[in-house]
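Engineer: Next come the chains, spelled out residue by residue.
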Amino acid sequence: MKKQDFKLFPGTYLQGKWNGHQYKVIRKLGAGACGAVYLCHNLQGEKVALKVGKDSSRMMLEVNMLKKFSKVQGVKLGPAFIDVDDWKAPSLQVFPFYVMEYVEGVPLSDFLRGKSKEWIGICTIQLLTDLEHLHKAGFVFGDLKTDNLLMSNSKVRWIDVGGVTAIGRAIKEYTEFYDRGYWGFGSRKAEPSYDLFAVTMIMLEMVQPNKFEKGAHPRRTLAAKLASSNDLKPYHSLIAGVWKGKFQSASEMKQALSYIVMKRAKGTPVSRKQIKAQKHSSDWGELLALSAVAGVFCGFSIFSFWI
Amino acid sequence: MKAGRLKQILLLTDGCSNHGEDPIAVAALARNQGVTVNVIGVLDDRQKEKPQGLEEVESIAEAGGGVSQIVYQKSLSQTVQMVTRQAMTQTIQGVVNKELQEILGEGQSIEELPPATRSEVVEVVEDLGEACELEVLVLVDTSASMQHKLPTVKEALYDLSLSLNARTGSNQFSIYTFPDVKHTIRRVIKWTPELGEINGVFSKLSSGGYTPTGPALKEALYAFTEKPIFRSIQDGEDPYEETGF
Ligand SMILES: Nc1ncnc2c1ncn2[C@@H]1O[C@H](COP(=O)(O)OP(=O)(O)OP(=O)(O)O)[C@@H](O)[C@H]1O
Ligand SMILES: [Mg+2]
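The listed protein sequences derive, respectively, from chains E and R.
Using our numbering, you'd call the opening residue of the first sequence number 15 and step up by one each time.
Using our numbering, you'd call the opening residue of the second sequence number 75 and step up by one each time.
Hints were generated in silico from the structure; no laboratory data involved.
Zero decoy hints are in this set.
Just so you have them, the derived chain R footprint on chain E, three or more residues with Cβ under 8 Å:
no., stretch
1, 178–187
2, 192–202
Not everything, but these chain E residues come out facing chain R in the computed CB check (under 8 Å):
no., residue
3, 32
4, 70
5, 74
6, 75
7, 78
8, 98
9, 99
Now the in silico label distances, taken between C-beta atoms and shown as ranges:
no., chain 1, residue 1, chain 2, residue 2, range
10, E, 57, R, 263, 54 to 64 Å
11, R, 129, E, 46, 20 to 30 Å
12, R, 229, E, 118, 37 to 47 Å
13, R, 229, E, 151, 31 to 41 Å
Even glycine gets a Cβ: it sits at the ideal position worked out from N, Cα and C.
This is chain R alone, in the form it adopts within the complex (with noise of 0.2 Å):
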């Protein structure tokens, strides 16, 4: 099996959402489309419970294949790398248990295996996720309530391509912020293998009370689909492709 290419939209918000469609559907289509949906709930570090709405943010995330996480933001650097890496890691052994299904029958996956077979599956789920090519597009809540954590954000995706530019295989990010009054999301960092100086991207600011969360993955799932940034694997082998979840 070879090292294929992964696609991942990260969701950073603070809040639920509050206009369009329903971001619950729209991961699901993502997820479809053979993109992973992960969400990263920020909160404040003085807030003491857990704000209402949230619940969202799993949801989001389990219906789009991904990982989600609430955390406080001083835990949001090491949080963002990983979830990132989970849900890569959790993709591709979607991948692999969906081989085994077909090799051994229903019902069989990785968990399943023998201790002897398992070990030598988890190395090859290990190297695919040191090899493959990953794009993440980030997608950034900047309505009102995550002004003052913009700040922590723009660190914890610096170090989210420290973490991930350490692999063999390569990456490229591109950044989004919503709720933008003319085209729902705004590009502020267009496709990037490493996410170095990003400093005033976060400047402009969107104002108002609406969080449409929903039409904003859409539109990110858009910008995913609309522009190859790798050149397509020219031999069909490619699993992640192929198997379009």
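Isolated chain E (complex conformation) (with noise of 0.2 Å):
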């Protein structure tokens, strides 16, 4: 038997039948294959996130790893786990849904327009830092993409934690652009560097949002997007060197960057005592105004937190 395709119009209420909570449609956020996600108030007026699908197991999978990722190690990852119901609607045909925390943000491409070429390698940093926590959790997160990313509060968030798989078994879902399996770069098996082949090809959508396909030499198709996009210039032989396999965590990969990060903050060149003077201070510097911007991160969080 097959199932009806619904749509959710706003104004409707939606009641679980299991925890009977109520939630209110406001309007749609998005779609997938799996199902439709909205914006709903809870009983409270609080805004939340309701996905609303048709394969039960599916979404219950999603839920079993939103409720472990929601906090790792007192770490944020994905979403807060809030509800998981099913819903039957008029048709008394059953949908299963679940309610998590309502990211407000935006997509990655729309929040990087108009910024400094910074903001790459930062936001390249932010999802390290994410990555390393689930990493070391045991975990990769698998379908990396930009579609699953959002800024919010200068803090990139990933929102769709379905292809998350334990480390060591196979991929569960992936999405060709960036699956390394698809470049010829490797296998499909949930190691950390799988997911560190999917941040660069977020790099490299950051500079140019244009996907492109593999050609009859995947590897040389790739090599040659690399060699022509300028703004990546400074991290050609990071992103070269997690092609060739060379980091094989997360953490790896952050450390790289982040001294990537830090010298190209210095300026015009200058002597070699200087550089040997200055390169601690400006390092020092950088570092201030990251854990700066970090703490305005937190700031944010706790004051989401308190109203």
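Can you join these two chains into the complex? Each is in its own frame, and there are hints to help.
Structural biologist: As structure tokens, then:
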């Protein structure tokens, strides 16, 4: 028996059959292979994101992941989990749904528009920081792609944890453009380095939003794209290194990237002695700036927690 | 519950059958023998509308307890691996549902369980899908209209092996083509754990305008049942072997 498609209009109330919680649909946020996500209000009038679909097993696997990663070691990875239930539509068909934190943000590409090039490095470092935590918890993100990221309060957040896979297993879900297997750069085993490859593709996309196909010589296609992207120049050897499998963990890649980001902050060429003297101070300056930014993020989240 | 062994036929075609017995009936038979039939209809990238006769694709898979999809060549790789994995999950879910009914009574299925229980059951299904042994017999329509699609097919099959071999459970693949004048189908790759080098596989093309999908499926089913690939599991615990749907 096939389930009919459904449509939820703004103003519709949706009540769970098991837990009984009620949600009011505000608007549709997006749709994908597995269902649609709506912005809703809960009974208290707070904004939440509600995903409703047809494949209840798949939805439940996503819920299990959300629960696991709403908070890992005190770090928020992915939206917080709120509720899971079934909804009996007026047609009497039952649709599974779950409710999570609404992540208010903009797509990465919108965020980067008009911003200085430093942000490429900074966003990537943020992404790698979250991956570091995820990998330490024994999982890889899997379907890491721009579509699954939002910039919220100048901080990158991921929103779709459907592809998160335990390390050592087969990647559950992937998108060809970000998949190292597609480009001939390795297996589809869930290893930290699988995510790192996707990170480099996101970096490529940050400077040149048009996707491209692999052609007859995938590796050559990629190398040519990289060589032709001037805005990524500082990261060329880093990215090539990732492709060669030089980095086994998000921490290693982040360290290498941080080094580049710091170095780039230096001004016009100066004598060697000065460089040596400056190196540390400028590093410290950047670090201070970064931690100030980080402080602001924390401030934000504490603030949003309070209201 | 322990991971078992799943058997699938993956049929890649671009037209409707026009010769021999009804492929839908053969697919139903296969399902009965514990072999799932998945079907992928391959469209030309230039093709605008769905050509006639491709409804058969869905009917065969439905009768065969499998998954079907009609796709353009350019999405073939991703579709082939998705269909295979979906069918695996579907089969395992079927087994689990059957067990649930034995425990909880008629009409119970995973999606009707309360969320807390469902949450645990789907993890079990996921674990089984990761660990089970899988045998995929790929049956490729190499009739004239498929000719220029064969390089894409080859790539998609290599990609399938890449996806499946990332699993913990082991795999066996074999490739057959049809039509073949003498034997209906022709084996081009015998059982192997990896589809790495499959160059030249489709070099010898079948000619003629006939597409004996039904008979080809039946031969594929024989090829499956005649040859035990994995040594049979000693204790009779294997759920997939037992249930025999
Ligand atoms: N927690 C959230 N907060 C804000 N927006 C969200 C949230 N979750 C999803 N969205 C929006 O809804 C869109 C679709 O969400 P998501 O990617 O989770 O589902 P999907 O695409 O249907 O699933 P799949 O990728 O498995 O096919 C996203 O692109 C995003 O814009
Ligand atoms: Mg998505």
